[in-house]
Amino acid sequence: MNTKLSTNLTLLAILLVITGVISIFLPEHFLTARNFASMGRQFPEYGLLSLANMLAIITGGIDLSVVSVMSLSGVVSAQVLSRWESLPMPAGVVILLGILTALAVSAVCGLLNGTLIAYVRVPAIIATLGTQGLFLGAAIIITKGSGIGGFPEPFLFIGNGNLAGIPMQFVIYIAVAFLVGLLLTRTRQGFSMQMYGSSPLVSRFSGVNNEAVLVRTYLITGLLAGAASIIVISGVNSIRPGYGSDYLLISVLIAILGGTDPVGGFGTALGLTLGIFILQILQSGLNILGFSPFFKKFMWGLLLVAVMVFHHFRRRYTQRRAAHRASTQREPAAGGASV
Amino acid sequence: MRTSILKRNEFYLLLVIVVFSAAITVVNPAFFTIENLFDLIRSSSGMAILAVGFFMVLLSGGIDISFPAVAIVAQYISVNAIIALGIDNLALAFAIAVAIGIAFGAVNAFFISVFRIPTLIVTLGTMNIFHGAMLEFVGTKAINAGQLPNCFKVFGLVDILSLPRGDGSFYGLSVFFFIIVGVILVTWIILRFTVLGRVIYAMGGNPEAVKRSGFNLVRLQFFIYCYVGLLASVMGIMHVSLIRYSNATYIINSELLHVIAAVILGGASILGGTGTLTGTILGVIMISILEKNLVMLGLSSYWQQFFVGLIIVLGVSITHIQKRLRARSSLALATE
Numbered sequence: 001m002n003t004k005l006s007t008n009l010t011l012l013a014i015l016l017v018i019t020g021v022i023s024i025f026l027p028e029h030f031l032t033a034r035n036f037a038s039m040g041r042q043f044p045e046y047g048l049l050s051l052a053n054m055l056a057i058i059t060g061g062i063d064l065s066v067v068s069v070m071s072l073s074g075v076v077s078a079q080v081l082s083r084w085e086s087l088p089m090p091a092g093v094v095i096l097l098g099i100l101t102a103l104a105v106s107a108v109c110g111l112l113n114g115t116l117i118a119y120v121r122v123p124a125i126i127a128t129l130g131t132q133g134l135f136l137g138a139a140i141i142i143t144k145g146s147g148i149g150g151f152p153e154p155f156l157f158i159g160n161g162n163l164a165g166i167p168m169q170f171v172i173y174i175a176v177a178f179l180v181g182l183l184l185t186r187t188r189q190g191f192s193m194q195m196y197g198s199s200p201l202v203s204r205f206s207g208v209n210n211e212a213v214l215v216r217t218y219l220i221t222g223l224l225a226g227a228a229s230i231i232v233i234s235g236v237n238s239i240r241p242g243y244g245s246d247y248l249l250i251s252v253l254i255a256i257l258g259g260t261d262p263v264g265g266f267g268t269a270l271g272l273t274l275g276i277f278i279l280q281i282l283q284s285g286l287n288i289l290g291f292s293p294f295f296k297k298f299m300w301g302l303l304l305v306a307v308m309v310f311h312h313f314r315r316r317y318t319q320r321r322a323a324h325r326a327s328t329q330r331e332p333a334a335g336g337a338s339v
Numbered sequence: 001m002r003t004s005i006l007k008r009n010e011f012y013l014l015l016v017i018v019v020f021s022a023a024i025t026v027v028n029p030a031f032f033t034i035e036n037l038f039d040l041i042r043s044s045s046g047m048a049i050l051a052v053g054f055f056m057v058l059l060s061g062g063i064d065i066s067f068p069a070v071a072i073v074a075q076y077i078s079v080n081a082i083i084a085l086g087i088d089n090l091a092l093a094f095a096i097a098v099a100i101g102i103a104f105g106a107v108n109a110f111f112i113s114v115f116r117i118p119t120l121i122v123t124l125g126t127m128n129i130f131h132g133a134m135l136e137f138v139g140t141k142a143i144n145a146g147q148l149p150n151c152f153k154v155f156g157l158v159d160i161l162s163l164p165r166g167d168g169s170f171y172g173l174s175v176f177f178f179i180i181v182g183v184i185l186v187t188w189i190i191l192r193f194t195v196l197g198r199v200i201y202a203m204g205g206n207p208e209a210v211k212r213s214g215f216n217l218v219r220l221q222f223f224i225y226c227y228v229g230l231l232a233s234v235m236g237i238m239h240v241s242l243i244r245y246s247n248a249t250y251i252i253n254s255e256l257l258h259v260i261a262a263v264i265l266g267g268a269s270i271l272g273g274t275g276t277l278t279g280t281i282l283g284v285i286m287i288s289i290l291e292k293n294l295v296m297l298g299l300s301s302y303w304q305q306f307f308v309g310l311i312i313v314l315g316v317s318i319t320h321i322q323k324r325l326r327a328r329s330s331l332a333l334a335t336e
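First to last, the sequence lines map onto chains A and B. Residue 238 in our numbering is what sits at position 238 of the first sequence, and the numbering runs on without skipping anything. Residue 140 in our numbering is what sits at position 140 of the second sequence, and the numbering runs on without skipping anything.
Next comes chain B alone, as it looks inside the complex (with noise of 0.2 Å):
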């Protein structure tokens, strides 16, 4: 049985996205054009990656905070070794990143696996492990945009479609778009239409009844961190060709509470086998808004931390009531 559309979590997100929009809009024109969508994709494309992997971690009942440290570990590492090895070549460069990214995601479900630690605890510690390593071993020095090798500055410049402004210069929709849809496409026909997805569903649900019809939990989780990892490797290397600056210290914190905010906010749920895609896309598009856009109100930049924060405690604590109210109406139907 399908629920209403009144009653779905998406629809209420999209309609607020709708409301504050049009909110900006009034108190300044210049949100609403196609310029700044473009824009909005461009900046937030890392972001919706790294919503994407996170919203299937948390699917299968676990939590993964170190995706973060892995994008910055990926990144910094890949544009040294390209450095160093002086071949200018993305493909190489990606290849770089994402071994890297599969690498450290394999060792999250090694310990998540095996040891059957708390997913939150093996991360928090893993996050340190990844960073505090890279800093130690390989280096802190920030690569800026004269010493970037050139195909990570020309891959962040290059535009699937260009438009021309009023004053004949152009403006253009990022190659980044193709990849996020991408993304997308895989991970919506993985969780759609595929045994794989669908047990990942089960096993936020029912770990226990998953295990008993046969499925691998071990190889199941192999298979989610080491996916999150190659998102994450994936957003590190657009992140650095979009910034043109490689950077090996950056606080990876505010990204960390923006895409659990977007993916929460998407309706997602911490305890695992309840979420669509289609609300972390929601979530992220919400959270970016609010995150790029506040300016255009005419706030200063020190309200962005409160507001994010406002956003989630308002955005999980009226899910949650919504929740029990339902519970409790669905009760009362059963007493009747």
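One chain only, chain A, in its complex shape (with noise of 0.2 Å):
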């Protein structure tokens, strides 16, 4: 069967036992409006972290530097956005300036990456880490440490507001998620990157410039880490270096969750949200529960290690299946040339 199925179609009845079994034992805490809304908010902006470094990892890389990257737009854009009162131009001016300073400095740290990575030919992973402290680094000069707020008041729709009902980050997440899916499904970028993934080398002889593919990989995530840092700022009216450092951990663990190849090659935004909406579940089942963020900090690392140790089993279970087919497909020949 169709891997890409399977693994969504697993991930699918886990979330949906998940949310039956929190739903018959808490009902009247988990199955709210409040609640729903709540975890709505939650998730977008580790969410998009993980669409982030679910590409990264499809490439075959990783990517450390996303929460960094995240700190260091969200405080340059802070700087334009926090004088909006001083600065002769209209809030809605200001606003847009914000949002765009966001995203062409997350689009230079995602450059600087890329360009380490594909033409330096640095390891992702060294790259990212370094580039991880840099971007992190200067954001800690700029503010001093110290965080910065005050922010236009229509700026905090984006993180407050609701459309229709739904909270304002989940519709951006959504839509984000969907253009990530077109990318991996419909577009020569998306298919060159699992090449890539899969096989530098195939990719290479194929015709495929790497380089740019990588390039062009490492300037989407640091986009992305751009638009989480949009609505981390807008959510909270201030940003302060370091916010969200345990998000490393979670987008990792998210894109491993959401069936993303650990080796590269493999990895779809449908099962990516699929992931996150387990996590998510389960996080809220745990706060409902009174269990401290110490106890969830040791459930993420065991659920990481679990689902790695499912695939393992499901690899060896699918390996011995082709090779039994492949056994017995061949006998009937076998007999026949020996006759």
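Calculated from the structure, these hints are not laboratory results. Incorrect hints may have been included.
[Stated by the list, open to error] These stretches of chain A come out as covered by chain B in the derived footprint (C-beta under 8 Å, 3 or more residues): (1) 130 to 144; (2) 223 to 235.
[What the hints assert, rightly or not] Straight line, CA to CA, 20 Å or less: simulated SDA-like cross-link-like pairs of lysine to any residue: (3) 153(B) / 98(B); (4) 144(A) / 153(B); (5) 323(B) / 119(A); (6) 141(B) / 119(A); (7) 141(B) / 292(A).
[Said to hold, decoys possible] Where chain A lies over chain B, by a calculated footprint (3+ residues, C-beta under 8 Å): (8) 119 to 129; (9) 135 to 149; (10) 261 to 273.
Cβ atoms here follow ideal geometry from the backbone N, Cα and C, with glycine treated the same way.
Hints in hand, dock the two standalone chains.
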């Protein structure tokens, strides 16, 4: 069977079972509009970072700098946004300028990552480890370690408003995830990314410009982190470098949970989104049951390892089945040859 | 064949360290003193030990990011156990910590070797399992100098050499120096003179070849990750003795970044199989000087993170460009 379909069906089944169990045991707390609204507000910021890491992992890399890119573009954008009263232009223009600044900074960060990985050929894990320090360091230097806040009122709509009763950031996440899905399934870039992730050599000999594909990949991961920064600073009306340092683990965890192949070549936006829902609903359940954040940390680690062990057994099972099928098909042919 | 000294990464790193130290000395003569050297050894000994462990994992083609979590959990449980037992004994403290470190290393090795999960993913998971479990089930309360058992405080203050300052007071070389030298020596002997060590190098180059030569990869991985766990736990005890404060939640990520930076700058390849212990030690010296002495150059501590990141990016870029140029020139020779 199609691996894409079976992975996503497994995830959907897990999601339904978890939702069902929690709904049965905690209906009065879990099945409320308020709980769902709060879940819809919580996950988009790390959801976007997870999409970013999924794309990097598909190409056989990883982006350890996503949270730092988010910090830096948030901080620079906040420099513009927090001065809205003194700038000689209407608040609307300042907001637009702030958003563009965040995206521009994140694009520059992404291009730097991409150049290091594609042209200097530094392994992604090391390149982004270095830039992680660099970007966060730059954010700390700009703010001197403290927070910046006080943005124009309409800007806060992104992180606090509703569109037809649905949290605004949820709408943004779904739109972005849809675009990432289109990128992976409908564009040459998406196809090249998956081919490069499976085998850089095959990709090169198929006439793909590997370097350009990689630079574009990290440009996109940077932009996704920039988009996350806009949601974050709008949601809390301030930014502090170092915010969301736990998101790095979570973004990798979700990418793997969502069925992305950890060695590259495969991953879907739908699977990732199902993975986020599973994690968010588990988190909500644990919150309602009164577990501490430490227990959640423990759980996420356990979940990551458990998913990988599950993948190990599934891979072995499919390999064995394939071997079995091959041997049963070969037998009559071998018998025919001996006659 | 030995590579000429001018082509070795270690030589350039040493050159950078010398130039950088000279620059700091010009700005601030207080840098180039025995007292500052002793201070540097004391404060960076923990990082050196972690770096030696990380270097070995990297050589074998893996990566372990759980060691800061192992260090924290080992020291915190050890300190708590010593307080609860009421036996103020440093050997016991080490024994408890080391047992935890080796056990955690075995957990990592189990998932890595038996289930063949990528090492980065396993240790990303286990670092959260170890730290999260400790915070949930053991405790979160910090233990300050007043409550800390005496054996730790004494251990942190023991000097093997004391020199007088101008005003009659003394400064000394910490006993930690013996521990680092011991760890480096043992690791060097393992890597250089034992079959085990040569196989670890070979594993990073080509694990399949090692397997086909009849070596048990599972057992090798258990050794490597348990060794890292052991070193991390030793570092944990040294750290708590040095700062006289046992913290359950202290930020572990910055230490991780610095250790990885030091080892990578030392010339070890993230892909395994290449690198030297000398390079790792030089990398540690470079990062420690950078980390501890930027203030001496008059830069505020806000710049530290940025500089460490910059050094990693520049360092790895230069080594990778060099490697490509070398590959290109050897190709040109071959086609001539």
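Taking the hints in turn, this is what the structure says about them:
{"no.": "1", "hint": "130 to 144", "result": "holds (count 12)"}
{"no.": "2", "hint": "223 to 235", "result": "violated (count 0)"}
{"no.": "3", "hint": "153(B) / 98(B)", "result": "holds, 19 Å"}
{"no.": "4", "hint": "144(A) / 153(B)", "result": "violated, 34 Å"}
{"no.": "5", "hint": "323(B) / 119(A)", "result": "holds, 13 Å"}
{"no.": "6", "hint": "141(B) / 119(A)", "result": "violated, 48 Å"}
{"no.": "7", "hint": "141(B) / 292(A)", "result": "holds, 15 Å"}
{"no.": "8", "hint": "119 to 129", "result": "holds (count 9)"}
{"no.": "9", "hint": "135 to 149", "result": "holds (count 3)"}
{"no.": "10", "hint": "261 to 273", "result": "holds (count 4)"}
In terms of the numbered hints stated before, the structure departs from hints 2, 4 and 6, listed from lowest to highest.
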